[in-house]
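From first to last, the protein sequence lines are chains U and L.
Per the UniProt record's numbering, residue 1 is the first one in the first sequence, and the count goes up by one each step.
Per the UniProt record's numbering, residue 1 is the first one in the second sequence, and the count goes up by one each step.
The hints are simulated quantities; they were obtained by calculation from the structure and are not laboratory data.
Keep in mind that the hints are not guaranteed to be accurate.
[Said to hold, decoys possible] Once the Cα atoms are required to be at most 30 Å apart in a straight line, the calculated DSBU-like pairs of lysine-lysine come out as: (1) U:Lys73 / U:Lys58; (2) L:Lys541 / U:Lys47; (3) U:Lys19 / U:Lys73; (4) U:Lys58 / U:Lys69; (5) L:Lys104 / U:Lys47; (6) U:Lys86 / U:Lys47.
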Amino acid sequence: MFSRIMVPVDLTHLEQLDKALTVSEELAQSFGAEIVYVSVTAETPTKIAHNPKEFAQKLEAFAAGRPGKSTTKSYSAHDPAIDIDKTLLKAIDETGADLVVMASHKPGIADFFWGSHGASLAAHTGVSVFVVR
Amino acid sequence: MSDSTDSEAIPAPEGPADIIETDYEIGQNNIQPFGLDIHNPVFLISGLAVVAFVIVTLAFQTQIEPAFSAMRGFLTSKLDWFFLIAGNIFVLVCLGLLVSPLGKVRIGGVDATPDYGYLGWFAMLFAAGMGIGLMFFGVLEPVYYFGTPWGDQPLGNDLGIVDGVLADPATVEAARSMAMASTMYHWGLHPWAMYAVVALALALFAFNKGLPLTVRSIFYPIFGERIWGWPGHIIDILAVLATLFGLATSLGFGAQQASAGIGFVFGIDGINDTVTVAVFLIAGITAIALISVLRGLDGGVKLLSEINMGLAAILLLFVIFVGPTMTLVTQFFSNIGAYFVDLIPLSNPIGREDDGFRQGWTAFYWAWWISWSPFVGMFIARVSRGRTVREFITCVLLIPTAVSMIWMTTFGGTAIEQIIERATDSAVYGYVIENYVPELSLFGMLSELPMAQITSIIGIVLVIVFFVTSSDSGSLVIDTITAGGKVDAPVAQRVFWCVFEGLVAAALLIGGGLVALQAMAVSTGFPFAIVLLLGCWALVKGLMAEPRA
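In isolation and in its complexed conformation, chain U is listed as follows (with noise of 0.2 Å):
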């Protein structure tokens, strides 16, 4: 039903995705999918890495840390904090995802954007959107 699964990853807040994060793994065996995990990052230094290729090679070794086969894709940004739902748009295309899996977070990040990013989202892709709570 699905076969590419893109999981966007907030290395900052790594404990707020344990569940979105499992739930994919399931979604990803069950249906023989393959997961891509997207994240978004500054131009600046920032508390994961000094620049975004240094951020980059961090994704990845999460990646490779969790079960399973997966691939990365990291962002950089002008902007993040307002570019990301677009960043994230431009993944879906880009990584030819058919289902997103993300946590939608208790007082977080996403709380940092007004609106969920589940929500925008949801609103402006065409590709299932499973918000994990």
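Fit chain L to the known structure of chain U by using the hints.
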């Protein structure tokens, strides 16, 4: 949004760069009340200090204003030599970097690619750096030097016009040349060098060394790990205060000027209630700035900057072609010559007689530019990743200087020609020399050219949009500093600073106190001049550790 990294390929590093290893984790001192993400204590102290200053200023206006004004007066009259020397050092450092092998260092690492194209980049740094000043001083300053006796003239020249009577042609030409060279001195290499030093240092320590994008990072080589404690808090808080008061007071004054302009253009004879109109303008400007920050760097600030650059170019070309075209073209080259010839005596810090000019204008300007440099520098730094130091200095120092020269030649030159032709009958004479109504000087010049109604409206729109681009980029900068160098802090925070700045401007405009707080903002130029001199050293030291592309 720029490059995406496909993880299936071998992850190329950004190329060798000299990353500083520090135990500090970006955001480690941040606290998250109400889902915000703010630096503790920079956010809270900055915010409370602003509120406290505003309240004290409003409550004790009559005592505070003379005190701050005296402080500014003291700095510019007693320490003028210091500001002049500091300014010269910044220019020399920049020119040195331009020609030295350090010019090959690339911001963001050897393999980094530019985040922005030349046009967008240039539009943004100009809009943040001096757009609004060019609108206000383009006509005012050259004409003022040309025909207002106000103490000693710089360079020992006479006035071109005295009591409405034109001097002999040789004196007029000498006065014109002196006026243009002196104006260009204040808007040329020196101010841009101040911005360039701060911006380059911030960009280097963030994008190459991996430190957070905040003012304190420049001082890592000096303070080491202690920079994450109070020495760093103080630098960042000072930067926030200088930026916020600088922006809020200019916004207050700018709104008054814009309302005067509106009254002039639409023939409303002295808008009776200028304060109300100005407060509405502040609300309007803040509202547009708010939309802009909510649309983000690309969809807001960059877009508005580009629109403004287009409008400014139209106005500039219009004046060049409708004004005395050939005279302006010839004058442009003679002005450049005059600028470089007079640069040495004008920037000489000692043994000069022209106190009024050196202290009242030059030292004041230098303090002013320096007090803006944390803000403009931070903003330029953020959009400059991927450029080499040489490209950076060319685009932040040399090209803006050339543009300033073209602008001043066009606006100032046209206005002086109007005075030479029509003497006391010219509108500019009335607004600058006869009665001092500085906010109408630009409109006075435009009123003697064809289609004055249209060009004046373009002028007003430009003034307003330049304020918006200062306000939105300023909000982003303050937001980043108060979030401990995070550019992806919650959107609510940038909204807070943007609105806060508008409220401070409105409160000061209604309650009085713009003059006092502006004097204070300018006074921060002094500590920052010292900070910047240290920054030059840190910059060169940091660059020397970098691999060259």
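For each hint, the structure was consulted:
1. U:Lys73 / U:Lys58: Judged against 30 Å, a Cα distance of about 11 Å means the pair holds.
2. L:Lys541 / U:Lys47: Roughly 25 Å between the alpha carbons, so the hint for lysine 541 of chain L and lysine 47 of chain U holds.
3. U:Lys19 / U:Lys73: holds (21 Å)
4. U:Lys58 / U:Lys69: holds (17 Å)
5. L:Lys104 / U:Lys47: Status holds; Cα separation ~28 Å.
6. U:Lys86 / U:Lys47: holds (23 Å)
Comparing the model with each numbered hint stated earlier shows that all of them hold.
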